[in-house]
Amino acid sequence: MDRILEILSSIRADIDFEKEEKLIDDGILDSFDIVSIVAELCAEYDVTITVDMLEPENFNSAAAMLALVESILDED
Amino acid sequence: MKLKRILGCVAFILIACVMMTVLCDLLELSNTSNFDKRYETFRNLEKDTVDAVFLGTSGVDRYWIAPKAYEEYGMTVYPLAIESMPTWLMTNVLKDVFRYQDPKLIMIDARSFGQSNVKKENMEIFARRVLDSMEMFSLNRIEAGFKTMRVIHETFEDAPAFDISYLLSFVKYHDSWKDDDYKITNNLGSKEHEYGGFYITGNSTKIQPQEVRPYDFDLYTPLDPVTEESLYEILDFLEDKDVEVLFVDTPQLKDDQEVGRGNTLYKILEERGVDYIHFLSEDQSESLHVIDLDYNRDFYDAPHVNYYGAEKFTDYFAEYLDENYDLPDRRADDSVKKDWDGRYDAILDKIKADEKKKNSANK
Amino acid sequence: MALNSLSFLAFLAVVVLVYYIVPKKIQWAVLLVASYGFYLSSGFDHVVYIIATTLFTYGAGRLMQHFRDKQKLEIAQMGEVTKEQKRELKKVVAKKVRTVQVVTVLVNLLVLAVVKKYVNFFIGGVNDVFSLFHWDASLPMINLIVPLGLSYYTFNTIGYIIDVGRGKHPAEKHIGKYALFVSFFPSIVQGPLFRFGDVGMQLQQPHKFDFKNLTFGAQLIMWGFFKKLVIADRVAPIVQHVFSPGFTDYNGSQIFFGVLAYSFQIYGDFSGGTDITRGAAQILGIELPVNFERPFFANSMADFWHRWHASLGAWMREFVFFPVMLCKPVTALSKKVRMKFGPHAGKIVPSVAAPFVVFFLIGIWHGLTWQYITNGLYNAILISSSVAFAPLFEKMTKKLHINTETFSWRLFQILRTFGLLCISRTIVKAPGIKEAFRMIKAMFTSFDPDFLLGFDGEIYTYGVDEKSLWVVFFAIMLLLVVGVLQENGMKIRETLSKQNLIFRWSLLLGLLAVILVFGAYGPAYDASAFIYGRF
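Chains as they are written, first to last, in our numbering: chain E, 1 to 76; chain B, 1 to 363; chain U, 1 to 535.
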């Protein structure tokens, strides 16, 4: 969890990722941020995140993103 | 709760309709000749007090000084005239007449039937004058609107078959606040026409000598198809009513087209056994001596008499009506008095004022 | 049938009445009949296209679904299978699905390109080459009628095909219900774009009559009419005047006046139409996506594109931007750059590239002309550079001690964005690309404040007289006041519904009166012609 928080705050230092639960629904992250996050996550965890995984519920919070990464790792 | 909501909706719609009516009134086109006022004044006359109605165009409103005839004979003969009233709307106007009054005699201006509908814009303008004068939300008005759309569309293919602004003139006039001479006060205030339907124009005191043209009684020109259809419609409509009918061709100098159409009209009227009166002879000036009209003094242009001509015409024609028709003397009737008394004085005052203005301008 | 017409309102009233009277089970059928009725009112030959697209994409969706279902069945029949086998099978099916998906999308786009005359752009190019070599040959241009809403339903169906391909939702089985998704009548004219998983599902569900939906929907429609009739259509003559090819008075203030008018015209027209659409849908109990969120208050170009035609933006993000950004070449490139030049550069490279793709597409979506392409490029450059130079800007504002939390800074940002937009609008609206550059140059080189302030009276000769201009001015003020209230989080209709009846009704009736009196509609007339005339 700490690892993911670190990645996120390196992209947007102005957001408290520990607390925010509606990063997408409330429009806190824009599409460029999402793409950067995806790129970072892919690099960090060595996974492939595809377009169809770009659901709001997968990116609304740090925990959700972690869950997404873990589920992909599980699949493999 | 549900009922309350429905009532609320109904109330809202009602208020919106009232607001709409007020807006329509305020944004109506104002016109210098007050035809809408003259029409509305007719509607507001005491019910069943008008014995004859003189329906027509500028061939009526500039000729017939109704208040003068009332002062002298006590006859109530209202000139229900709108400049260039289209013939296809005359039955609708007549329907309005019988809705408010129970006249014994209907007179119809013969010159309306000399018109030809060659310009789409004019057809629209002339029709709108009538439509705008009628009651805003009457069935008759709606019928007249549809009729106008049909007639114009049939005459000019490029005119739309349906144009809502003929039913709801607001659609066309809502922009009138943009006009330079639009004033909200124009449409406020009294809708009473103080000259009893007689129209005093800026030309009423103007004197323009006219050149006399010969009149050819053998010239026949077919009526405009719309006009002919309307003529039969009017005659049929009046046949069903218990009323005397007289077509009147008020004095004017006609061009060939109008001469030919006039003759055709008389022929049709003779066939149908309808009375008519005209003031024509082969030398157009001769017959006018009957009414003592003078082409050098009593006209302001070829188709119209000035006020002095109107005085002479009214003198003659009031006597004619008095002799030939049984029109009662209503001068003692209080309900008539309030509508008719003092109107002639108002006309005389206005003419005097206009003459004074003209004289001082000439000096 | 135009959205801002009396006949549309009458049509809507009849549809609503029938919609809430019939059994809930067949409400969708009422909408389908209404949609096709609405569509047919634009001409019989249009309907061929929409039916073809409906059938084609419906079939493609079913085919993809068929592959999926078969795969599931096979896995179930195989009983015990290893992960490996499962993955192998999935791969085969995914490939089939993908083929169908790509072919369908391409065919859809091809139809769009041919019908919207994009192809002519290339034919014209080929002909230019021919004439360059003095070859006596030319390819004929293809000129087909553009059916109503072609761009909108094409994009909606592409979205559907991609979503089914991605497995977001199963393909629709019922052809009628699917046809309704493609043709839903208020939004067929000018959007908003929507997704099958959202609006497509809403359209099939039963809807109970709701008084709030009725009043809120009606209010939204009224507001749309206000924007369209009182603002957009009133300033239209100015735009027509300034951007007509005959206009040569290239003084900066005149051009600016024209662009200003155009900005409000296009906003009033487009967002007003959307309001009418969304209001109509709301009365039917269907919530369409928001398309405009006060774009005049945008503080950057990126922000503007979130607020302007947002449903197209969302579509582009979902089906172009993300796929481009996450496709293998781009991620590989990004990885490489990151390794060499560090994380910021790694972020920049794709971020700079993607807007070019997106705005090129948005550009040609509007029309394949050099003006739209230039405008797309212009927007892409602005957005890419704002991403690329973001750290630089931050440093600058810090150095200059600018407090970015103030109203004045926000105002500066808004005006700056508006200025940038004016240039964008000029590029598109000028009679040609050359004229566009001349106009933009004029705006920066010559300015005549007397004109804009109306001192010399010339401003009233551009087709809109003084009185009308004042009406438009106050209408825009009202628009901005409402915008400020909304920006501050007020939900206008919610707040209004809590007010006293007298206040509420006066406000609504007042707005109605303003639309009726000051709206530009109906046949114009020449007042003088009514007063005079023969006899």
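What the hints contain is simulated information worked out from the structure, not anything from laboratory work. Any given hint might turn out to be false.
What the hints assert, rightly or not - Below, computed lysine-lysine pairings styled on DSS-like, alpha-carbon distance capped at 25 Å:
hint, chain 1, residue 1, chain 2, residue 2
1, U, Lys24, U, Lys212
2, U, Lys208, B, Lys2
3, B, Lys178, U, Lys467
4, U, Lys498, B, Lys2
5, B, Lys68, B, Lys267
6, U, Lys491, E, Lys22
7, U, Lys95, U, Lys116
8, B, Lys356, B, Lys338
9, U, Lys498, B, Lys4
10, B, Lys4, U, Lys467
Claimed, not checked - Negatives, chain E to chain U, calculated, CB over 10 Å:
hint, residue
11, Val35
12, Tyr45
13, Ile49
14, Leu54
15, Asn58
16, Asn60
17, Ser61
Said to hold, decoys possible - Stretch by stretch, here's where chain B covers chain U in the computed footprint (C-beta under 8 Å, at least three residues):
hint, region
18, 454–464
19, 510–517
Every residue, glycine too, gets a C-beta built ideally from N, C-alpha and C.
Cross-check of the supplied hints:
1. Annotation: proposed proximity of Lys24(U) to Lys212(U) holds, straight-line Cα distance about 19 Å (limit 25 Å).
2. For the proposed pair Lys208(U) and Lys2(B), the alpha carbon gap of about 14 Å is at most 25 Å, so the pair holds.
3. Restraint check for Lys178(B) and Lys467(U): the C-alpha separation of about 6 Å stays at or below 25 Å, so the hint holds.
4. For the proposed pair Lys498(U) and Lys2(B), the alpha carbon gap of about 18 Å is at most 25 Å, so the pair holds.
5. Restraint check: the Cα-Cα separation between Lys68(B) and Lys267(B) comes to about 33 Å, which exceeds 25 Å; the hinted pair is violated.
6. Between Lys491(U) and Lys22(E) the CA atoms are separated by roughly 21 Å; this keeps the pair inside 25 Å, and the hint holds.
7. Restraint check: the Cα-Cα separation between Lys95(U) and Lys116(U) comes to about 31 Å, which exceeds 25 Å; the hinted pair is violated.
8. For the suggested pair Lys356(B) and Lys338(B), the alpha carbons sit about 29 Å apart, so the restraint of at most 25 Å is broken.
9. Taking the CA atoms of Lys498(U) and Lys4(B), the gap is about 17 Å. The hint holds against a cut of 25 Å.
10. For the suggested pair Lys4(B) and Lys467(U), the alpha carbons sit about 42 Å apart, so the restraint of at most 25 Å is broken.
11. Residue-level check failed: Val35(E) sits 4 Å from the nearest beta carbon of chain U, not beyond 10 Å.
12. At the 10 Å boundary, the C-beta of Tyr45(E) stays outside the reach of chain U, the nearest C-beta of that chain being 14 Å off.
13. The non-interface label for Ile49(E) is inconsistent with chain U: the shortest C-beta to C-beta separation is roughly 7 Å, within 10 Å.
14. For Leu54(E), the shortest C-beta to C-beta distance to chain U comes to about 5 Å, within the 10 Å cut-off, and the non-interface label is violated.
15. Non-interface status of Asn58(E) relative to chain U is upheld: no Cβ of that chain comes within 10 Å, the nearest being about 12 Å off.
16. With a least beta-carbon separation of about 16 Å from chain U, Asn60(E) lies farther than 10 Å from that chain, consistent with its non-interface assignment.
17. Separation of Ser61(E) from chain U is adequate, the least Cβ-Cβ distance of about 19 Å exceeding the 10 Å criterion.
18. By the rule of at least three residues with a Cβ nearer than 8 Å to a Cβ of chain B, the coverage given for the region 454–464 of chain U is violated, with 0 such residues.
19. Only residues whose C-beta sits within less than 8 Å of a C-beta in chain B count toward coverage, and the region 510–517 of chain U has 4 of them, enough to reach three; the restraint holds.
This entry does not satisfy hints 5, 7, 8, 10, 11, 13, 14, 18, going by the numbered hints stated previously.
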